[in-house]
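Starting from the given sequences, assemble the full structure and let the hints guide the process.
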Amino acid sequence: MKIGILTYHCAHNYGAMLQAYAMLEYLRSLGYEVSVIDYTPAFLTVPYRWFFPKSWLPEYDTSGSLKSHVKECLLTPLRIKRYRTFTSFIRNYFPLYQMRKNDDFSGFDAVLIGSDQVWRKTIHGGQFDPLYFGQGMKCRVFSYAASAGINILDEEDRTFFKNSLRNFFAVGVREESLRELLQPLTEKQVETTLDPVLLAGEKIMNKIASSVPVPSKYVLYYDILRQTSACAAFASHISKQLNADIVGLTGHIFWKKNDASIHFAAGPEEFVSLIRNAECIVTNSFHGLAFSLIFNKPFYSLMSHQQIDVRQWSILQKLGLEERFVDNKDRPIFSPVDFSAANWKLQEEAEKSAIFLQQALR
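Going by the working numbering, the first residue of the sequence shown is number 3, and it counts up by one from there.
Treat each hint with caution, since some may be false.
The list that follows gives simulated cross-link-like pairs (lysine to aspartate or glutamate, DMTMM-like), each with its CA atoms no further than 25 Å apart [said to hold, decoys possible]:
#, residue 1, residue 2
1, 123, 27
2, 219, 332
3, 164, 204
4, 242, 281
5, 190, 204
6, 209, 111
7, 4, 40
8, 320, 351
9, 354, 111
10, 123, 189
11, 123, 158
12, 164, 105
13, 347, 105
14, 299, 353
15, 299, 281
16, 320, 272
17, 242, 351
What the hints contain is simulated information worked out from the structure, not anything from laboratory work.
In structure tokens form, the structure reads like this:
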């Protein structure tokens, strides 16, 4: 059976590439012939160009001064290195299917859409991308762990989903809140399914972990919301309690202003290793949280100004770990995480997700 995966495989961020890799390898482990559909719209590729877009000005310097422009020029070699690291990952790990003009994907037996925020309008310039809803596909189409990154739909959105979900043989979403929004719009059973990295688990993700020169004992912070200062300050508070160093990962490159060892050019393989070997993870990223769960690492999921990320909250609530979701201004006393109950629940959810895939591909 030939399966195509349509997802955000070309976005140069750890979560996007690793969830695509996890889905690919999981399906391969079941014996399927799998390709990643090489759909590369501008909204996925332009923000990650190695040359510096204006919208990437650092959080702490938006003046556009001569000094800031000089700094950005000096960062160009690092941006090129990071760009090449991610393009190399795509080249080495993804068997790509090159789309044709007006492709109907009839060469596939099924196309899996997801995971990631493939149904999020704000990423697509305020419009839903019809390809991520199976438009024009002449094969079986189903979604897996698709996310919209929202917990409310207006009437226009409801109409769009009601019509578009007719294209799907099965509907799997990542968040319970999205399932509740979509279920009234379709006669199909909408299921919540685990993010592919959680489905694939430690065994598959360990295969690509590569060594990184780091301190023997460190707290890792991973920031994707341009709140590096807040993440670093929180990590510093935890590191002092653990007598550990600080290592940083970010979704953007900027002129280094704190004492953390920030791995700007780390690739997906290094990302896995950095989380696996840390004493504690501090992150505002869903996939930072997900990999903490995979490797049973103590973690703190950070929110800003009491703004709840529905993606993180959904999985924490499901696993009974809500107390690890804290404001980035909090300064808690470090406590370990008892993963025993969470691991059992995660295994239960993985089994449900595996059954969903089996039924979608039967």
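List of violated hint numbers, smallest to largest: Those not satisfied are hints 1, 3, 5, 6, 13, 16 and 17.
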